[in-house]
Every structure is written in C-alpha cells, then in structure tokens.
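S.K.: The listed protein sequences derive, respectively, from chains B and A.
The first sequence begins at 1 in the working numbering and counts up one residue at a time.
The second sequence begins at 201 in the working numbering and counts up one residue at a time.
Check the hints yourself; a few may be wrong.
[Claimed, not checked] Lysine-lysine pairs mimicking DSBU-like chemistry, simulated, CA-CA at most 35 Å apart:
(1) K608(A) x K180(B)
(2) K637(A) x K735(A)
(3) K180(B) x K262(A)
(4) K325(A) x K143(B)
(5) K735(A) x K750(A)
(6) K503(A) x K579(A)
(7) K189(B) x K262(A)
(8) K750(A) x K163(B)
(9) K750(A) x K180(B)
(10) K16(B) x K637(A)
(11) K163(B) x K644(A)
(12) K41(B) x K127(B)
(13) K135(B) x K841(A)
(14) K345(A) x K163(B)
(15) K819(A) x K675(A)
(16) K795(A) x K143(B)
(17) K180(B) x K819(A)
(18) K335(A) x K65(B)
(19) K143(B) x K503(A)
(20) K325(A) x K189(B)
(21) K637(A) x K180(B)
(22) K163(B) x K444(A)
(23) K608(A) x K143(B)
(24) K335(A) x K143(B)
(25) K637(A) x K675(A)
(26) K735(A) x K819(A)
[To be verified] If you anchor each label on the Cβ, the simulated ranges turn out as follows:
(27) T211(A) x T78(B): 27 to 35 Å
(28) Q185(B) x M507(A): 50 to 58 Å
(29) Q681(A) x G159(B): 24 to 32 Å
(30) D265(A) x T78(B): 28 to 36 Å
(31) A253(A) x V160(B): 35 to 43 Å
(32) W61(B) x S363(A): 45 to 53 Å
[Stated by the list, open to error] Beyond 10 Å from chain A on every Cβ pair, some chain B residues (computed):
(33) E21
(34) E32
(35) F67
(36) W79
(37) T82
(38) L115
By construction, these hints were calculated from the structure, which means they are not laboratory data.
Think of the CB as a built atom: it goes at the ideal place given N, C-alpha and C, for glycine as much as any other residue.
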Amino acid sequence: MKGDWQTRQTLLQRAKDPSDESAWLDFVSYYESFIRMIILKMNISASESDDITQDVLLSIWKNLKGFESDSNRAKFRTWLSTIVRNRVLNHIRDRQSHHNRMKNVKKEWVEEGKLISQSELEEVIEKDWKRHITKLALNNISKHFSGVAVNVFEMSLRGVENKQIAAELNLADSSVRTLKSRVQQSLVKEVAHLIQELEA
Amino acid sequence: MPDDKSMEDETYLDSLSEYYDFAQDSSTHREELPIYKKARIKDRNYKADTLLARGGMKEVYKVYDEKMGRHLALARLQEGAPELLYEPFLREAALTALLDHPNIITVFDYGLDDVEGPFFTMELKTGHGFDQLLKDQTSEKRDLKRLLDIFLRICDGIAFAHSRQVLHLDLKPANIQIGQYGEVVVCDWGLGKVMGKSDINSENFDQLLINPDLLNEVTLSGKIRGTPGYMAPEQILKGGEKSKQTDIYALGSILYHILMGKTPHQGSTDEILNKTVEGDVVIPDSVRLSLGLRSILLKALAKDIEMRYSCVEDMQKDIENYIRGYSTLAENPNIFTELNLFYRRHALVCQMVLGFVFIFTLGTSLFLYHLEQSRQETKEAREVVETVTEVLVEKKQWREMELVARSKNHSHYQYFQNPKKNTYLALEVLEEALRIKPNSNEAKYHQAEMFFISQDFPRSLGVLQDLSNRSTMEKLSRRFQNASLNKEGLLEFSLFSDCILQLADNEWNYFLIERMIAYDQQQRRESVDYKPLVKATFMSQIWGDDVNFKYDETTKSLSLQGQGIRSLLSHNKEQSGESILRFLDIVRLDLRGSKIQQLDELEGLLKLRELDIRNTSVKSVLPLNRFHVLNLIINDGQFKKEQLDELEGWIEVSVFSE
Numbered sequence: 001m002k003g004d005w006q007t008r009q010t011l012l013q014r015a016k017d018p019s020d021e022s023a024w025l026d027f028v029s030y031y032e033s034f035i036r037m038i039i040l041k042m043n044i045s046a047s048e049s050d051d052i053t054q055d056v057l058l059s060i061w062k063n064l065k066g067f068e069s070d071s072n073r074a075k076f077r078t079w080l081s082t083i084v085r086n087r088v089l090n091h092i093r094d095r096q097s098h099h100n101r102m103k104n105v106k107k108e109w110v111e112e113g114k115l116i117s118q119s120e121l122e123e124v125i126e127k128d129w130k131r132h133i134t135k136l137a138l139n140n141i142s143k144h145f146s147g148v149a150v151n152v153f154e155m156s157l158r159g160v161e162n163k164q165i166a167a168e169l170n171l172a173d174s175s176v177r178t179l180k181s182r183v184q185q186s187l188v189k190e191v192a193h194l195i196q197e198l199e200a
Numbered sequence: 201m202p203d204d205k206s207m208e209d210e211t212y213l214d215s216l217s218e219y220y221d222f223a224q225d226s227s228t229h230r231e232e233l234p235i236y237k238k239a240r241i242k243d244r245n246y247k248a249d250t251l252l253a254r255g256g257m258k259e260v261y262k263v264y265d266e267k268m269g270r271h272l273a274l275a276r277l278q279e280g281a282p283e284l285l286y287e288p289f290l291r292e293a294a295l296t297a298l299l300d301h302p303n304i305i306t307v308f309d310y311g312l313d314d315v316e317g318p319f320f321t322m323e324l325k326t327g328h329g330f331d332q333l334l335k336d337q338t339s340e341k342r343d344l345k346r347l348l349d350i351f352l353r354i355c356d357g358i359a360f361a362h363s364r365q366v367l368h369l370d371l372k373p374a375n376i377q378i379g380q381y382g383e384v385v386v387c388d389w390g391l392g393k394v395m396g397k398s399d400i401n402s403e404n405f406d407q408l409l410i411n412p413d414l415l416n417e418v419t420l421s422g423k424i425r426g427t428p429g430y431m432a433p434e435q436i437l438k439g440g441e442k443s444k445q446t447d448i449y450a451l452g453s454i455l456y457h458i459l460m461g462k463t464p465h466q467g468s469t470d471e472i473l474n475k476t477v478e479g480d481v482v483i484p485d486s487v488r489l490s491l492g493l494r495s496i497l498l499k500a501l502a503k504d505i506e507m508r509y510s511c512v513e514d515m516q517k518d519i520e521n522y523i524r525g526y527s528t529l530a531e532n533p534n535i536f537t538e539l540n541l542f543y544r545r546h547a548l549v550c551q552m553v554l555g556f557v558f559i560f561t562l563g564t565s566l567f568l569y570h571l572e573q574s575r576q577e578t579k580e581a582r583e584v585v586e587t588v589t590e591v592l593v594e595k596k597q598w599r600e601m602e603l604v605a606r607s608k609n610h611s612h613y614q615y616f617q618n619p620k621k622n623t624y625l626a627l628e629v630l631e632e633a634l635r636i637k638p639n640s641n642e643a644k645y646h647q648a649e650m651f652f653i654s655q656d657f658p659r660s661l662g663v664l665q666d667l668s669n670r671s672t673m674e675k676l677s678r679r680f681q682n683a684s685l686n687k688e689g690l691l692e693f694s695l696f697s698d699c700i701l702q703l704a705d706n707e708w709n710y711f712l713i714e715r716m717i718a719y720d721q722q723q724r725r726e727s728v729d730y731k732p733l734v735k736a737t738f739m740s741q742i743w744g745d746d747v748n749f750k751y752d753e754t755t756k757s758l759s760l761q762g763q764g765i766r767s768l769l770s771h772n773k774e775q776s777g778e779s780i781l782r783f784l785d786i787v788r789l790d791l792r793g794s795k796i797q798q799l800d801e802l803e804g805l806l807k808l809r810e811l812d813i814r815n816t817s818v819k820s821v822l823p824l825n826r827f828h829v830l831n832l833i834i835n836d837g838q839f840k841k842e843q844l845d846e847l848e849g850w851i852e853v854s855v856f857s858e
C-alpha cells in the first residue's frame with residue numbers, strides 16, 4: 001500500500017526492473033499489438049509474425065535495462081526499430097537455411113535484400129506509433145465523455161464541417177465547438193501522459 | 201466503395217495523429233499531466249486546480265488511477281495534521297466501505313502512506329450538491345415531486361446504513377451529491393459511528409474536535425459534532441446518546457428545508473443551537489402545507505427521541521403514502537380522515553360506483569368488471585406517460601426520442617405478453633411523443649403500425665397517407681378502411697387471412713404479421729384456422745425450395761422436412777424470439793432431414809410432446825430439459841451417451857438405427 005498511488009516512475013522505467021512483472025505485462029499490453037502490426041507491414045505472414053513479435057518482446061526485455069532514455073524522445077523508437085529489423089532479419093536467415101535444406105519448398109517470402117531499410121522502417125514506425133498512441137488515448141478518454149462529444153470530435157477528424165456536424169447531430173453550433181474543444185483538450189493531455197509513460 | 205472508406209480512414213488517422221505532435225509541444229506544461237499531479241502530491245506541491253474541496257483538515261483531490269484507467273477522488277489530511285487524527289480520518293473510509301449501496305458514496309481503497317499520512321479514494325461524482333439544487337429551486341418554480349424523490353433516495357441510503365448499524369450523524373444537503381444522471385449519493389461519513397460500539401478513540405476524537413475546523417466543517421465552540429440547523433438536540437447536549445433517531449431528526453430538517461425553503465431554526469449559530477435544544481419545531485398555521493406533510497415533519501423533528509419515527513422506513517412509508525394520497529402514520533388518522541382521503545384518491549371511482557348501483561339493479565355485474573379493467577389500463581397508461589414526462593424534463597428532442605423508445609417497450613419488446621394492452625399503451629406513449637413533436641415521422645410510423653395491427657384501418661390509413669407511405673400496409677389499409685368489423689373489432693376472418701397472406705409475400709413483414717396474429721388470436725372468439733397464415737409466414741423466412749411443410753390437424757403433427765429449413769425462427773432482427781409455429785397447437789414435430797441446429801428454438805411450442813430429430817444438425821439435446829417433450833426420436837450414435845444421460849427423466853429416448 002505504501003505510496004501506491006503516487007509513484008513517480010514512468011511505466012518504461014518500471015518495466016526495466018526485471019522483478020516488476022506487472023509493469024512488464026502493462027508494457028507488453030501497450031506494445032505487443034503495435035509491434036505485430038509493424039512486422040505484418042514488412043510483408044511477413046501472420047503466422048510468422050506472431051513468433052517474431054514474441055522474439056522482439058523477449059529481446060526488448062533482455063535489453064531494456066541497458067537502454068537509457070534522455071531528453072531525446074525519438075531515441076526509444078530508433079532503438080525499437082533496430083530491434084525489430086534485426087529480429088526479422090534473423091528470422092529470414094533462419095528460414096533460408098531451412099529452405100536450403102529442403103530444396104523443393106516454394107519460395108514466396110521476402111528476400112533479405114528486399115527488406116525495408118532501417119531508415120524507412122523508422123519512418124513507418126514513427127508514423128504508426130503516433131497513430132497507435134493517439135488512437136489509444138482517444139479510446140481511453142472516450143469513457144469520460146458522452147457518445148455525442150466523441151462523435152462530434154470524430155466527425156471533425158473526418159473533415160466534416162462544424163455546421164454540418166451540428167445539423168446532422170441536431171446540436172447548436174456553439175455546442176459543437178464546446179464539445180469538440182473539450183475532447184481536444186482532454187486528448188492532448190492523455191496523449192502527453194501516454195508519451196510520458198511509454199517513451200521516457 | 202472500399203477505396204473511399206480506406207481513404208476516409210487515412211484522413212481520420214492522419215488528423216488524429218496530429219494530436220501527438222500537439223501533445224509533445226504542450227508536455228512542457230507538465231503540471232497538467234495526471235502523473236505529475238501525483239508526483240506533486242509526493243512533492244507536497246500541487247496546482248490548485250487538482251484540489252476539489254477542502255473542509256477543515258481534510259482535502260479532496262481529483263486523481264487518475266492508472267491501474268483501472270479512471271479518475272477518482274482522493275481524500276487526505278492537510279499537511280501538518282496531527283497523527284492523532286489519522287485514526288478518525290481512516291475511520292470514515294472504513295465505515296463507508298462497510299456500506300455498499302447505490303445511494304452511498306463508494307470507497308475504493310484506503311491506506312497509509314509513509315510520507316503523506318493516511319488517504320482514501322472514492323468514486324468521483326460529477327454533479328452538484330443537494331444544497332445547490334435547493335438554492336436553485338425558488339419557491340415559484342419548485343419541482344416538489346423531484347425533491348421528494350431525491351429525499352426518498354437519501355432515506356434509502358440511510359435506512360441501509362442503519363441496517364448495517366452505522367449512523368451518519370452529519371446529514372445535511374451539502375453532504376448529498378446529485379450526480380449528472382440523477383444519482384443520489386450520501387457522502388461525508390466523517391462523523392459516522394457504528395452503533396453499540398464505543399469507539400476507542402472517540403474520547404480523543406471529541407477532544408480533538410475542540411480545535412475548531414478540524415475534520416469537517418465544525419466551526420463551533422467545540423463540543424459539537426454536526427451542523428447546526430440539521431443536528432438533533434441530543435448532539436448539542438452534553439452526554440446525549442446518539443441513535444437512529446439522531447439521523448431521523450436530520451432527515452426531518454432536510455425535509456423541512458425542502459418544503460419550507462429554509463432550515464427549522466433560524467438565527468445566529470448560538471440562537472439556532474438554543475432553539476434546537478429548547479424544543480419542538482413550530483410550523484405556523486399561515487404556512488400552506490398539507491396535514492400529511494405537516495405531521496411527518498413534526499414527528500421527525502420531535503424534541504423527544506421517543507416521539508420520533510422509530511426507523512427511517514416508517515418515515516419513508518409516510519412520505520410515499522402522502523405522495524399517493526393515503527393517510528400518514530404521523531397524522532394519527534381517524535375514520536373520517538381515512539374516508540376523506542379515500543374519496544379524494546378515488547373520487548372518480550366513488551362517483552362511478554354510486555352511479556353503477558343503479559345498473560346493478562338491472563342485474564349485470566359484468567360491466568363493472570370491464571370498467572375496472574379498462575380503468576386499470578388507462579391508469580397504467582397514464583402512469584407510464586406521467587413518469588415518462590416527468591423524467592424527461594429538459595430537452596424536447598430527447599423527450600420525443602425517449603418516448604418513441606419507450607413506446608417500443610410496448611410495441612416491440614413486451615408486446616406478446618399482452619398484445620391488446622401493449623397496443624393501447626404504445627399508442628398512449630406515441631400520442632404524447634407526437635404532442636411534443638407533432639412532425640416526428642418515426643412516432644407516426646409506429647403509430648400507423650399499431651393502428652394497423654389492432655385492425656383500425658381508417659386510422660392507419662390516415663397516418664400512412666400523411667407520411668405519403670406507399671407500402672403494402674397502406675394498400676391494405678385502403679382496402680379494408682370501410683370493411684365491417686365484428687364485435688371484437690376484428691375483420692371477418694377470411695379477409696384477415698387475405699391480409700396476412702398478402703403481407704407474407706414480403707419476408708420483411710414478419711414481425712408485423714407475428715404481432716397481428718398474436719393480437720387477432722387474443723381477441724377473436726370464434727375458433728379459426730391460422731394454419732395457412734402460419735405456413736405462409738414461416739415459408740416467407742426460408743430461402744430455397746427444398747422444403748416440405750405438412751400439418752395434420754387431427755393428430756396435431758407437423759412434419760418439416762428438407763434442407764432448406766435451417767431455423768424455426770425468422771432471420772429478421774425484429775421478432776418475438778419464439779417461433780411463429782407456436783400459433784399451431786403442435787403435439788408432434790418431425791424435423792427429420794432438416795438443417796435445424798438449435799433446439800432452443802422450440803421455445804413457445806407448449807403442447808409439443810414428441811420430437812423427431814433424426815438426420816438433423818442438432819448438436820445438443822440439453823435445451824429439451826426446459827420443455828415438455830416426452831418422446832425424443834434420434835439415430836443410433838447421433839448423440840453421445842453422456843449427452844443423453846443429462847436429459848431429464850421424463851424424456852423417453854427412442855433410438856433408430858439408420
């Protein structure tokens with residue numbers, strides 16, 4: 001119970017402690033689906049991507065302690081993309097040696113040479129991570145809002161104009177603006193919170 | 201349009217992820233982040249905006265619980281509070297944790313932190329205090345019904361606490377939170393006490409409270425725990441024994457406040473205290489207050505503990521009785537009061553009964569029975585409309601939508617329990633919806649449907665024409681608008697059959713037909729044959745030709761064979777959930793060779809005794825235990841022995857080898 005409600009460490013920091021199993025499980029819950037999605041984007045089949053995802057997580061777990069974050073936010077993602085790319089490369093090599101032993105199997109997977117480059121991968125990860133985190137944050141804060149508020153906000157994301165939103169949801173123009181800005185403010189806070197927790 | 205869709209998703213995600221950069225830029229304002237708020241609590245340095253309330257030595261913050269991902273209220277002692285206060289402070293949490301009730305604030309967790317001392321977390325209620333609500337309710341536009349309703353729910357909470365031997369001892373409007381959605385929650389159990397237990401610390405605690413402004417808003421000379429104006433005489437007097445009646449006194453004061461717009465005693469704090477101790481509350485005769493309420497107040501606020509209500513439930517019952525127009529326990533009712541009230545409650549009925557004495561002499565009591573029944577129905581309908589109207593006060597558009605939704609309870613979900621009554625109730629509610637929003641097409645459409653189902657064709661036609669609706673329903677309404685109806689208000693059966701058969705041409709009319717047959721069957725006195733109608737309706741739900749539907753009236757056997765039969769229910773989303781076959785009195789059902797899978801679908805076939813499921817896709821026979829099938833016919837090896845062993849003893853299984 002002591003100090004339970006007031007820890008100052010971020011999730012990433014706590015996950016470094018090999019004895020803090022719950023922190024690690026939380027960490028996995030945030031990252032696992034993201035890592036799998038990235039691997040799938042690298043043209044790896046669904047069944048293989050499961051193995052590689054686990055492989056990546058294991059590798060993160062082993063190396064997290066050595067990872068030092070500083071003010072440079074992008075650093076964790078660079079680090080992550082290196083791990084992902086290396087694990088995928090390893091996997092392809094394993095597969096190829098296996099393939100060489102069993103000549104008759106058809107080749108239909110990605111060749112090592114065709115694998116996405118490190119810098120491209122970083123870009124993909126950067127973009128998808130932003131989407132991942134903002135989606136997660138929107139999901140988290142949705143609970144605190146009425147369905148209408150979230151609806152308004154999502155419509156505005158799809159580029160619907162305020163006037164049209166108001167007409168469609170039968171709201172006053174001013175309440176569309178209020179609802180939207182409430183969700184926006186809360187979303188920014190929540191995203192900032194997740195960034196703090198997961199990247200620092 | 202898959203491309204448009206994914207394009208749209210891309211825009212959506214791109215705009216959404218812009219908030220990432222936004223957040224990164226703004227994260228320099230870290231004090232706004234929940235995690236920093238917490239950190240700041242540790243640093244004993246927080247932003248004022250995280251503080252929700254401060255009372256005496258107690259502070260309440262809004263915090264974010266990461267594990268559960270929700271916001272909570274966290275209470276702790278102010279910085280520098282003496283350790284002696286830890287125990288009584290935590291007692292509030294422990295006490296409240298005993299009380300798991302919807303009208304009592306929920307405590308999630310409490311504990312001791314080595315830096316900050318004790319804390320506990322509670323649900324975070326968004327809403328406002330009852331005191332605020334009372335302030336807003338000026339005498340001109342006071343919603344007494346709502347206030348009394350809230351009051352009854354406060355009573356619910358306190359009655360529950362008393363049943364757990366817990367006293368609140370500081371009841372007042374400010375300690376009652378009204379949530380955003382009307383929830384009523386009693387908070388601040390800081391002065392509460394477990395009955396019959398002498399608190400080890402209570403001596404200390406009382407001593408501590410000599411310091412003004414300590415735990416709660418007790419600002420007095422010291423010996424006092426509670427809030428002047430709401431507290432009972434025994435809380436002011438030295439050595440006064442606190443009991444359930446202490447809370448009842450406070451409830452009485454709250455009720456007084458609700459009814460009179462102020463607390464029972466007015467003046468400076470000392471004056472209030474003196475008046476409280478001195479005696480009974482007086483309600484001037486000039487005040488317009490019914491005898492019932494007047495007596496409830498006087499009984500709850502009696503100076504003498506024995507004269508007050510013996511339990512909260514009694515007081516509650518009196519208020520409920522008042523609301524419904526019965527005499528209250530506090531009134532000491534005599535026979536005249538009772539008769540007077542009885543007459544007032546049932547004025548209409550009394551007059552009617554007198555009138556009908558005359559009819560009695562004509563020898564028929566049947567009318568009365570019908571009268572009473574329709575009165576009941578009207579009353580129920582009126583009650584439904586009244587509650588609906590009261591609950592949805594604010595926005596017209598929501599009200600109308602709510603009413604339409606409410607009407608669906610009758611026209612859809614509960615319809616089959618009593619088709620006639622629910623038709624009537626649905627129409628009542630829809631009429632109210634249309635009164636609020638006369639051009640609601642949805643309400644009109646439902647109304648047309650209900651008219652049509654009850655075979656009131658001229659009216660359904662009227663509404664449908666108004667909607668410029670050209671459905672089969674409209675055509676049929678036009679056709680039957682001048683048809684003569686029988687005593688029960690129904691079409692001649694051959695015409696009714698025509699009507700159903702035409703509707704059954706369209707598979708989407710299923711739910712309409714289902715309700716029409718149910719209505720007709722409930723009302724029609726002559727015995728008629730629904731078989732062709734049931735068959736046509738059933739077949740309308742089947743895709744494919746390979747179906748054989750044979751019903752033998754004498755043996756009540758239905759044989760349903762063919763690969764086309766996959767289910768006994770409709771594939772329509774709107775349906776009763778029971779098979780349309782229930783309108784036939786099937787005793788034997790032969791499903792051999794059909795594709796039926798779920799025996800749950802036999803629900804409603806009340807007379808079914810024999811069932812043949814050879815060569816079907818049925819996976820489990822267990823649902824049969826709920827029905828009254830006596831004889832089950834299956835193939836050898838179709839089910840495992842363990843599966844059959846689970847069948848109830850009354851089901852005899854006949855096994856045939858293929």
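S.K.: Honestly, do T211(A) and T78(B) meet the 27 to 35 Å range at C-beta?
M.R.: This hint holds: roughly 28 Å between Cβ atoms.
S.K.: Quick one, are K795(A) and K143(B) close enough, alpha carbons at most 35 Å?
M.R.: It is violated: about 43 Å lies between the C-alpha atoms, which goes past 35 Å.
S.K.: Sort out whether K163(B) lies within 35 Å of K750(A), counting only the CA atoms.
M.R.: Outside the cut-off at roughly 60 Å; violated.
S.K.: Between K345(A) and K163(B), does the CA-CA distance stay at or below 35 Å?
M.R.: violated, 39 Å
S.K.: Holds or violated: K335(A) with K65(B), Cα cutoff 35 Å?
M.R.: violated, 59 Å
S.K.: Within a Cα-Cα threshold of 35 Å, do K750(A) and K180(B) meet the stated pairing?
M.R.: violated, 61 Å
S.K.: Assess, step by step, whether the Cα of K16(B) is no farther than 35 Å from the Cα of K637(A), and give holds or violated.
M.R.: Violated. K16(B) to K637(A) sits at ~61 Å, over the 35 Å cutoff.
S.K.: Is the Cα-Cα distance between K735(A) and K750(A) 35 Å or less?
M.R.: holds, 9 Å
S.K.: Was W79(B) rightly flagged as not at the interface, with every chain A Cβ beyond 10 Å?
M.R.: holds, 18 Å
S.K.: Keeping to a limit of 35 Å between CA atoms, is the pair of K41(B) and K127(B) held or broken?
M.R.: holds, 13 Å
S.K.: Taking 35 Å as the top limit, are the C-alpha atoms of K325(A) and K189(B) close enough?
M.R.: holds, 21 Å
S.K.: K637(A) and K735(A) were given as a pair; does the straight-line alpha-carbon distance stay at or below 35 Å?
M.R.: Measuring from Cα to Cα gives roughly 40 Å; hence the hint is violated.
Hints 2, 6, 8, 9, 10, 13, 14, 15, 16, 17, 18, 19, 22 and 29, counting from the list given before, are not met by this structure.
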